[in-house]
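Participant: Sequence:
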Amino acid sequence: MAMHLGTINKTYSRLLALVILVVISIWVWTSKDMLVKQNQIYKVNHGASIGTVAKDLRNGKWINSELFFNSLSKLLGANKKLQSGYYQIDPNMDVMTFLENISSGNVVTTKVTLIEGKTLNDYFDQLSSDSSLRSEDTLEEIMQSLDIKAPYDGWFYPETYQFNYGESVRNVLARSFQVMQEKVNELWNDKSINLPFKSPYEAIILASLIEKETALDQERTLISGVFIRRLDQGMRLQTDPTVIYALGDTYQAPLKKSDLKVDSLYNTYKYNGLPPGAISSVGYESLYAAFHPNEGNDLYFVSKKDGSHAFASNYEEHKDNIKRYSNNI
86 MAMHLGTINK TYSRLLALVI LVVISIWVWT SKDMLVKQNQ IYKVNHGASI GTVAKDLRNG
146 KWINSELFFN SLSKLLGANK KLQSGYYQID PNMDVMTFLE NISSGNVVTT KVTLIEGKTL
206 NDYFDQLSSD SSLRSEDTLE EIMQSLDIKA PYDGWFYPET YQFNYGESVR NVLARSFQVM
266 QEKVNELWND KSINLPFKSP YEAIILASLI EKETALDQER TLISGVFIRR LDQGMRLQTD
326 PTVIYALGDT YQAPLKKSDL KVDSLYNTYK YNGLPPGAIS SVGYESLYAA FHPNEGNDLY
386 FVSKKDGSHA FASNYEEHKD NIKRYSNNI
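Here the sequence shown is numbered in our numbering, starting from 86 and rising by one per residue.
Fair warning: there could be bad hints in the mix.
For lysine-lysine, the following DSBU-like pairs were computed, each having C-alpha atoms within a straight-line distance of at most 35 Å [claimed, not checked]:
1) K404 with K234
2) K128 with K140
3) K128 with K146
4) K203 with K159
Because the hints were derived from the structure by calculation, they are not lab data.
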């Protein structure tokens, strides 16, 4: 009888162990994966505990079990290495991968592309509406923090930048400002001789006029040469983009003769010399052209209406070009 009971107890114990193993296996199987159907971003706050993270994820229905999440984090040692930041949760990501990410600081990154030819207000609006960035300051507060005095346009280098998700708009503009300073300093030290610039910013101003006048790289040094020679000879620059900038939100295309009368220091039809500030951001080609103008004799250029320009060294030739290309569509 005792042997029979012993056999029953052993069988029961084995059956119980098997049931427990099956239950644990099912629990692990149903808890091992993150429960998202599309990419999600989760923020681990500074000072958060692994328990807080588990609770957040369970409340958001992104994991199946807090207990499994906490247990696995202890097993991996992730509970002692939790790092704050933004983390991406992908469909089919397992809990172990997510724990490895938040314990190693493998935060999600974002790319920001600033396009040349835009104003600082354009950049600020773009960055402020970017959900991957934090917008905490006004534009004026950011300019003060970077110690940039008005006018602000032109000081920010257009490029594709990579940042950690959740970076501030201020830091994005700070990076762009730093890169522009580096580019300008390099070119200033290697510029052509006898340029009429009193400061590097005046070269940026000229570069912005070049940027807005042509999209063709091969024309940039030619247009730079025209502007430099006009400045040297005391001629007004008479470039339409400065008038458009001066008109601001009141501008309606196409530019009209009456628009050329706007009373603004940016109106290069009305005032001699460079305008007081840049009218847009500038790419490297325009910046380089401002420091290395073509050494020809041209003083005029007119659009051929196909994106390129016809250049002339005297006004009579320029008038002929205007006649020739004025009917091009």
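Participant: Taking the hints in turn, state whether each one holds.
Facilitator: Outcome of the hint check:
no.	hint	result
1	K404 with K234	41 Å, violated
2	K128 with K140	13 Å, holds
3	K128 with K146	15 Å, holds
4	K203 with K159	51 Å, violated
The structure fails to meet hints 1 and 4 from the earlier list, while all remaining hints are met.
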